[in-house]
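Trainee: Go ahead and model the full structure; you've got the sequences and the hints to work with.
Residue numbers (the working numbering), protein chains in the order written: chain A, 199 to 537; chain B, 199 to 537; chain C, 199 to 537; chain D, 199 to 537.
By construction, these hints were calculated from the structure, which means they are not laboratory data. If you're wondering where the values come from, they're calculated on a predicted model, not measured in any experiment. Possibly wrong hints are sitting among the right ones.
No copy labels: a pair is met if it fits in one copy or bridges any two.
[Claimed, not checked] Each computed DSS-like pair below joins lysine-lysine, with the alpha-carbon atoms no more than 30 angstroms apart:
1) K268 x K252
2) K524 x K504
3) K347 x K401
4) K268 x K504
5) K504 x K459
6) K524 x K252
7) K252 x K504
8) K524 x K459
9) K504 x K347
There are 4 protein chains.
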Amino acid sequence: MIVAMQGIATEENIQQVIERMVELGFNVHRTTGASQTILAGVGTPDHFEVAEFKVLPGVHDAYRISSPYKLAGRSFRPEGTKITFPNGVVVGGQEITIMAGPCSVESREQILTSAKIVKAAGAQFLRGGAFKPRSSPYSFQGMGLEGLKLLREVSDATGLLVITEVMEISQIELMLPYIDCFQVGARNMQNFNLLRELGHVRKPVLMKRGISATIEEVLLSAEYILSGGNYDLILCERGIRTYETYTRNTMDISAIPVLKKLTHLPVFADPSHGIGIRDMVAPMALASVAAGADGLLMEMHPNPDKAMSDGAQSLYPQQLQDLIAKLRLLAPVVERTVA
Amino acid sequence: MIVAMQGIATEENIQQVIERMVELGFNVHRTTGASQTILAGVGTPDHFEVAEFKVLPGVHDAYRISSPYKLAGRSFRPEGTKITFPNGVVVGGQEITIMAGPCSVESREQILTSAKIVKAAGAQFLRGGAFKPRSSPYSFQGMGLEGLKLLREVSDATGLLVITEVMEISQIELMLPYIDCFQVGARNMQNFNLLRELGHVRKPVLMKRGISATIEEVLLSAEYILSGGNYDLILCERGIRTYETYTRNTMDISAIPVLKKLTHLPVFADPSHGIGIRDMVAPMALASVAAGADGLLMEMHPNPDKAMSDGAQSLYPQQLQDLIAKLRLLAPVVERTVA
Amino acid sequence: MIVAMQGIATEENIQQVIERMVELGFNVHRTTGASQTILAGVGTPDHFEVAEFKVLPGVHDAYRISSPYKLAGRSFRPEGTKITFPNGVVVGGQEITIMAGPCSVESREQILTSAKIVKAAGAQFLRGGAFKPRSSPYSFQGMGLEGLKLLREVSDATGLLVITEVMEISQIELMLPYIDCFQVGARNMQNFNLLRELGHVRKPVLMKRGISATIEEVLLSAEYILSGGNYDLILCERGIRTYETYTRNTMDISAIPVLKKLTHLPVFADPSHGIGIRDMVAPMALASVAAGADGLLMEMHPNPDKAMSDGAQSLYPQQLQDLIAKLRLLAPVVERTVA
Amino acid sequence: MIVAMQGIATEENIQQVIERMVELGFNVHRTTGASQTILAGVGTPDHFEVAEFKVLPGVHDAYRISSPYKLAGRSFRPEGTKITFPNGVVVGGQEITIMAGPCSVESREQILTSAKIVKAAGAQFLRGGAFKPRSSPYSFQGMGLEGLKLLREVSDATGLLVITEVMEISQIELMLPYIDCFQVGARNMQNFNLLRELGHVRKPVLMKRGISATIEEVLLSAEYILSGGNYDLILCERGIRTYETYTRNTMDISAIPVLKKLTHLPVFADPSHGIGIRDMVAPMALASVAAGADGLLMEMHPNPDKAMSDGAQSLYPQQLQDLIAKLRLLAPVVERTVA
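Mentor: In structure tokens form, the structure reads like this:
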């Protein structure tokens with residue numbers, strides 16, 4: 199940590215800062231300039247709050263100079279994390295992973311049709327919500343356990359892996375037999391109790407960025423899961439909240455190269471939630487892969503105009519097929535492949 | 199719902215929209231203008247997504263014209279909600295309610311000293327975290343059950359009510375014997391499973407606005423609790439995330455008069471998290487009451503410079519006392535009182 | 199400036215940073231810790247970009263530790279700036295200044311009626327736009343020179359001072375004979391050429407915060423005016439752009455105490471643009487003064503329902519009168535007065 | 199326009215709204231539902247403010263149902279706008295246009311070297327600032343007229359076109375002899391007087407999106423230029439301001455497909471300002487073209503580590519060359535070409 203004192207700081211002010219730094223476990227190096235004094239704290243105390251120093255008398259500003267996350271940092275695994283699924287699919291390697299399917303599981307027929315389309319288009323994962331987090335208590339809340347069983351059944355029938363959203367701790371046990379990957383939604387990215395439990399599970403997790411989460415907060419939430427011993431974690435950019443309302447969210451494509459630099463974890467993109475408008479999902483999917491994404495999570499519905507949720511952003515089957523065809527052409531430009 | 203068609207929309211486009219509206223349960227009134235057609239959907243289908251219509255061919259835009267929340271709306275209880283606590287304290291009445299205390303319960307001595315200061319200054323509630331949601335897994339996570347017991351003990355000793363944060367469903371039962379009011383933190387404002395459970399409890403809840411929640415989302419989350427039958431709900435503005443980084447958050451004081459207009463629920467303000475800088479908590483507290491807040495939730499620590507969390511925004515004891523003295527002068531200007 | 203190196207930085211990386219710092223005019227102090235090296239740059243080069251250092255190889259992060267503004271800083275004039283107008287009105291003193299009037303000058307009758315109401319209510323300044331910045335080229339663009347003349351005439355008749363918005367350099371000369379204070383609108387807060395010219399004028403300026411300006415940017419823009427020799431500058435918070443759309447802008451009340459701490463310049467608030475909803479202007483005005491504002495700028499129209507611009511946020515005459523009556527009661531709580 | 203009344207609105211409330219709509223020039227169609235009344239205003243009054251209706255008694259909400267821009271809308275020129283420059287370069291066609299060069303013109307040698315590199319890499323335009331808008335009055339402000347002359351000289355020598363930023367009206371005449379395209383910077387996107395003047399010039403303009411401009415505001419500002427008769431306008435996404443601070447701005451890649459749908463004007467992207475970090479400019483450039491951009495505006499400096507401005511985001515010469523090579527491979531995937 200570094201504390202820059204104001205020009206008008208008194209020696210008493212400076213001593214107060216030094217004492218508190220030492221108390222927290224820092225060794226303090228002092229640089230006295232003509233205009234101000236700088237205090238560099240060397241060492242790595244277990245926890246401290248930079249904000250505490252910013253309000254001490256005579257302090258101009260204080261800066262944390264080490265990353266607050268450790269296991270999530272790129273230097274922990276410079277070669278990058280690869281996750282191998284039971285059927286041999288590898289996430290985080292040369293091949294772009296594609297996860298697609300409806301927002302919600304609505305019926306056996308709907309999810310079976312979806313699975314066939316998704317498989318035929320070339321995806322590796324079937325997505326579909328069984329438990330749905332909805333802003334309104336009056337919206338469709340999902341099929342629950344019945345939805346999980348249907349997901350497993352149709353995925354086994356088509357050779358796909360299953361990813362679905364987990365919303366609370368009690369659902370973890372319930373889901374384990376039916377799924378291949380847990381999805382943590384944007385609203386739960388800082389549900390730390392849930393994250394901690396997922397750290398104790400031995401099944402991969404895809405964690406979406408919270409709607410107003412900074413990149414540092416994404417990595418700190420990742421740290422909750424990693425520090426429990428679960429290293430099979432995928433991060434996913436899905437749009438952040440800004441002042442622009444034409445699109446559902448503002449997809450922060452720049453977070454993709456930034457995360458690829460800061461962490462060893464695979465980085466996915468969800469262009470469906472990112473933009474929220476069906477006809478613009480394809481350009482955003484192409485942009486995500488061009489920017490370095492390791493995979494895509496997308497909504498596709500056999501009949502989006504009648505979908506029970508998120509129909510406006512769900513691709514038509516033909517749109518998914520056309521998009522994946524384009525991705526096959528694009529991937530080699532960034533030295534990747536699409537199955 | 200209203201759908202405004204584009205000038206170039208074909209009759210086929212218009213018919214597709216009408217059919218879908220009818221299918222959802224709307225009666226459709228059509229206005230044909232020289233430049234465009236307008237379709238007004240009359241009726242109140244159980245659920246529908248406006249976004250679905252925005253992407254239909256030939257549609258210019260679509261608008262929901264009824265509030266998606268019902269029980270939370272001002273018209274449900276035009277006279278406003280008052281909550282009476284066991285010791286007779288009333289929230290939502292003429293008197294401004296003050297809740298104060300440390301961020302975290304750290305020790306018996308710390309919380310007992312806090313309670314005495316808070317009581318002497320004139321507050322009605324002691325706040326203090328036993329379970330702490332922390333961005334980093336390496337930060338102090340709270341004293342847990344032991345903290346709850348201490349809160350109850352010192353509050354009983356001083357005649358204060360207890361408010362503390364609940365982070366997950368399993369903590370509800372645990373907390374019930376020890377507290378007077380549940381606090382739902384900003385990060386859990388869209389933890390719908392938790393909200394639903396709190397709707398089934400018969401104990402008041404204070405729900406903070408999420409860090410990037412719109413006012414409509416606040417009211418929809420309130421609806422989750424109210425629709426379970428728990429009407430003793432307090433809302434709390436605590437700062438939103440914007441591009442400005444000088445302050446911890448940007449306290450949206452304007453949300454106070456807006457919420458007072460839209461809902462019958464009491465509206466509190468948390469200036470400590472709102473601004474995050476100790477010396478500016480008082481002006482923000484005064485501003486909140488001037489803007490119509492029914493109560494304040496604030497951090498005070500007997501020794502903020504040594505606090506285990508949020509020390510930078512915790513008031514010194516004397517600052518709390520001075521602030522409440524000023525609030526007593528200010529309240530009558532807005533036709534309120536402070537005890 | 200401080201540069202914190204990464205743990206893995208090589209000696210070559212460190213030398214490259216040191217060389218560049220020296221080249222820019224810094225004296226460099228080096229602290230070598232077990233986990234990373236810290237380079238403190240002492241001295242004050244004329245200009246340098248911190249961002250340049252952040253991308254050098256081996257750098258963890260870089261921090262500017264001195265304020266980039268000088269004349270605007272509180273330490274330049276610790277006692278605060280007071281501006282005395284020709285008729286003896288003092289801005290920045292104990293008394294809260296009130297500026298009110300319609301968005302646009304529309305006619306002699308409208309502006310004369312406005313002036314009388316504003317004066318009777320107790321304000322010191324009449325506001326009114328003669329040149330209007332409008333998002334759409336098809337909206338009413340103001341009466342121009344004729345409007346300026348009307349402003350002067352009715353203000354002289356009623357004993358008010360005149361403030362009006364200047365949009366471009368060529369209007370400065372034109373306005374000088376008719377006005378008492380230039381207003382720089384939010385859209386022009388970073389129109390640096392305009393600011394520089396206003397620095398050469400000897401007439402007070404009120405500069406509004408840009409709709410997405412940080413507090414540091416506000417002070418840097420102030421520096422443009424101050425560095426030209428014009429020290430009679432008032433800053434004005436008027437709402438920033440956030441994701442919340444219920445209100446026109448999100449009024450950042452917390453900017454008021456922050457600016458009062460950082461700068462010696464008077465700080466005003468414009469609750470009309472801040473919230474954009476007539477019935478909520480009063481609570482926001484009260485909140486602004488409670489938070490420490492030195493003055494208010496507000497829209498009032500004799501007949502807001504027929505206003506040519508901004509009618510939705512313009513107070514009715516009676517509302518202005520009632521508000522100022524409340525301000526007279528509130529001001530003493532924060533040790534101020536209202537005339 | 200549509201006005202949805204509240205369920206509790208009285209007949210008097212409804213009549214007041216109808217009268218005001220008629221007064222503004224609307225024909226009003228009334229739909230009376232069981233729960234609320236809807237008033238559809240048919241017709242196109244010259245100007246009106248929707249906000250005015252939102253605050254009338256008994257109104258639930260009011261919606262504008264026509265676009266406030268006309269000439270900028272896609273329907274004005276469904277086939278899209280192509281701009282042909284004197285040397286035959288066409289912007290807005292099948293070929294992606296590349297504009298590159300240093301942030302500022304610093305010297306003859308620097309700009310000549312830059313031009314040669316830019317030309318060799320395959321770009322069509324040389325960019326370079328002669329007048330610089332800088333947040334601080336103490337930063338380098340550009341070479342002025344001398345810079346313009348150098349730009350023209352080296353571009354003629356290398357066969358490039360020249361684009362440079364215009365900051366105020368008086369610079370327009372000055373620049374005309376030396377440049378091929380005016381650039382309006384983000385800070386001037388709502389400098390309406392400047393836009394209006396550029397509408398009277400017969401030379402192409404590239405207008406950047408303001409740092410917090412909505413897409414609708416971009417198109418309204420475009421309307422200022424178009425309505426003056428200058429149809430040779432290029433729009434440019436360059437990043438917006440959000441809460442995320444790791445990147446300089448948050449590049450809103452989704453604005454590219456949105457603008458391509460809403461307007462006929464060519465849409466460019468500026469990944470240098472968009473992300474602000476040299477090593478991440480290439481992925482963002484690729485993403486922009488993948489999302490449908492018609493061209494790129496990028497900073498490249500012969501020696502970025504010594505640049506007088508924006509060095510941190512300026513590409514090394516080799517990086518520009520490598521990027522354009524990749525763009526040549528990517529363009530065909532989206533049915534475009536790169537020279």
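Trainee: Now tell me if each hint is right for this structure.
Mentor: A quick look at each hint next to the structure:
1. K268 x K252: both (24 angstroms within a copy, 20 angstroms between copies)
2. K524 x K504: Intra 27 angstroms, inter 41 angstroms, cutoff 30 angstroms: intra-copy only.
3. K347 x K401: within (18 angstroms within a copy, 37 angstroms between copies)
4. K268 x K504: Result: close only across copies, 26 angstroms inter versus 46 angstroms intra.
5. K504 x K459: between (41 angstroms within a copy, 25 angstroms between copies)
6. K524 x K252: Close across copies (26 angstroms), not inside one copy (51 angstroms); limit 30 angstroms.
7. K252 x K504: between (54 angstroms within a copy, 14 angstroms between copies)
8. K524 x K459: both (26 angstroms within a copy, 20 angstroms between copies)
9. K504 x K347: For K504 and K347, only the intra-copy Cα distance (23 angstroms) is at most 30 angstroms; the inter-copy one is 53 angstroms.
Checked against the numbered hints given earlier, this structure breaks none of them.
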